[in-house]
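Student: In case you want the letters, here they are:
There are 2 protein chains.
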Amino acid sequence: MKGIWFTELQTKGLTIGCEVKKVLHREKTPFQEIEVFDTDIWGRVLVLDNAIQTTTKDEFVYHEMITHVALNTHPNPQKVLVIGGGDGGAIREIIKHETVEKATHVEIDKGVIEAAKKYLPEIAVALLEANPKVEVLIEDGIKHIKEKENYYDVIIVDSTDPVGPAEGLFAKDFYAAIHKALKEDGIFVAQTESPFYNQDLISKVYRDISSLYPIAKIYGAFVPTYPGGYWTFTMGSKVYDPEKIDTSKIQAFETKYYTPEVHKASFVLPKFVQELIKK
Amino acid sequence: MKGIWFTELQTKGLTIGCEVKKVLHREKTPFQEIEVFDTDIWGRVLVLDNAIQTTTKDEFVYHEMITHVALNTHPNPQKVLVIGGGDGGAIREIIKHETVEKATHVEIDKGVIEAAKKYLPEIAVALLEANPKVEVLIEDGIKHIKEKENYYDVIIVDSTDPVGPAEGLFAKDFYAAIHKALKEDGIFVAQTESPFYNQDLISKVYRDISSLYPIAKIYGAFVPTYPGGYWTFTMGSKVYDPEKIDTSKIQAFETKYYTPEVHKASFVLPKFVQELIKK
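Quick note, the sequences are listed as chains D and F, same order.
Position 101 of the first sequence, counting from 1, maps to 114 under our numbering, and the rest follow consecutively.
Position 251 of the second sequence, counting from 1, maps to 264 under our numbering, and the rest follow consecutively.
Careful: at least some of the hints might be erroneous.
Identical chains share a label here; the pair holds if one copy fits it or two copies do between them.
Only pairs whose alpha carbons sit at most 30 Å apart, straight line, appear in this in silico DSBU-like list of lysine-lysine [what the hints assert, rightly or not]: (1) 291 - 109; (2) 277 - 257; (3) 291 - 262; (4) 284 - 92; (5) 284 - 41.
In case anyone wonders, no lab produced these hints; they're calculated from the structure.
Bear in mind that the values here come from a model prediction, so they are computed numbers and not experimental data.
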């Protein structure tokens with residue numbers, strides 16, 4: 014094959030590659046290496062430590078599904094927190110909800126936010142200008158969570174893979190601190206990797222979340238740039254069941270993946286994934 | 014990266030790669046090149062013309078979803094035809110249905126069947142020994158279809174990509190011949206590629222099938238070894254609506270992906286896929 018190619022080792026023995034038209038940015042921050050480049054196949058691509066984080070072609074799937082499922086399960090989400098997700102895509106979706114008064118964005122690496130604002134403005138759109146609904150904090154999400162109690166309606170952990178800077182974001186004591194930071198009817202959601210390649214992680218997170226919340230559920234979405242193309246999210250909810258929402262009450266706004274029907278169908282798990290979370 | 018790697022150009026500018034432990038078979042037939050090798054990540058892999066067809070790790074998804082959705086939509090499928098699918102995985106699933114009297118397998122390339130029987134016996138299990146329910150015909154599927162009228166209950170087109178030997182299996186006159194070969198309440202289903210990378214094909218096939226059948230629907234499944242990991246199937250049905258099946262009447266047998274709930278949820282399409290099939 015001719016040309017310049019980016020290749021990601023998605024997991025041991027497995028790669029995904031794309032032809033690169035132009036490299037726009039390369040930077041080593043205290044936390045990780047950031048790369049941004051243009052491709053024909055996926056549009057503009059953000060890479061952290063050689064792992065694809067988001068692309069302008071498919072980012073809508075991940076960002077809609079990590080936000081709207083929880084926000085439409087909660088009847089009145091006002092204070093919403095995103096930990097990680099420096100590209101701003103989750104924040105962009107959250108502030109579409111009229112009930113939201115404050116979307117707080119806690120990102121440990123300022124470099125990711127700056128790169129997204131410069132190179133991915135469609136994704137970082139909510140961070141580009143001052144917005145009274147949006148609060149951006151450059152700090153450690155774990156520290157932020159430990160300082161809050163009975164405060165947030167929805168907490169979203171939009172982390173990188175469970176290695177390097179994000180490792181602590183998959184730990185049980187972090188999940189316990191999140192539970193405390195949520196209000197009495199709060200909802201937690203996290204991205205929890207691939208059911209084909211990260212089965213032990215999915216089982217562990219589900220066990221941890223089940224031990225903290227009366228309602229613990231996994232849902233999935235098609236994300237072509239992540240390993241296997243099948244991505245899971247794990248939700249812990251203190252009161253509201255995401256499968257029992259009244260879809261007629263969902264606020265209508267423009268989406269490209271999420272619909273009320275997709276919301277419900279995303280909780281229907283293939284048999285082998287059901288088996289992963291049987292104890 | 015060390016070691017020996019297989020790399021597939023999945024579409025222009027996009028590759029998937031896996032580390033190869035051992036190459037077991039390479040052969041050029043009059044129709045295509047066949048390769049079989051072992052990997053840690055996907056188990057044993059069957060490749061035709063450098064495109065992954067099936068692996069022992071994820072074959073259950075594709076083979077269960079291309080068969081059971083149609084067979085459980087039809088109340089009494091007796092005569093079932095598979096065109097293509099030389100590995101035998103679809104036939105293996107079809108004969109789990111007690112109503113099926115004859116599963117006819119029409120494959121143009123004997124080499125694929127022979128390689129599957131030798132190297133993929135778990136997948137080709139229904140082809141290994143004579144079985145009164147299974148009929149294997151080495152011939153052109155297009156020719157076979159043209160000779161039948163009002164004959165099959167379910168016809169499944171388990172083709173390779175729409176280039177090379179399979180190109181004619183995506184043509185409208187072939188679909189019209191299938192419609193004629195089906196009984197008055199027959200069902201057709203075909204694999205129809207990725208909604209991320211083959212949008213024009215999906216729109217075209219849906220239009221063609223809609224013009225032939227009163228009920229035309231697309232459903233999806235997570236197939237990690239196919240481009241984007243999100244695979245579609247298009248169904249044309251003369252009478253029975255796959256979304257209105259009585260799931261309590263579904264015959265129970267062992268599956269790893271399909272469940273009655275997955276059957277229904279697989280028809281819920283993300284918004285961008287719904288848009289593809291609006292006229």
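Student: Run every hint past the structure and note whether it holds.
Tutor: Against the structure, the hints:
Proximity of residue 291 and residue 109 under a CA criterion of 30 Å is satisfied inter-copy only: 26 Å between copies versus 36 Å inside one chain copy. In this assembly of identical chains, the alpha carbons of residue 277 and residue 257 lie at most 30 Å apart whether taken from the same copy (8 Å) or from different copies (17 Å). Taking the shortest alpha-carbon separations for residue 291 and residue 262, only the inter-copy value of 26 Å comes in at or below 30 Å, while the best intra-copy value is 32 Å. For the homomeric pair residue 284 and residue 92, the shortest alpha-carbon distance between copies (28 Å) is at most 30 Å, but the shortest distance inside one copy (35 Å) is not.
Taking the closest pair of Cα atoms, residue 284 and residue 41 never come within 30 Å of each other, the shortest separation being 42 Å inside a single copy and 37 Å across copies.
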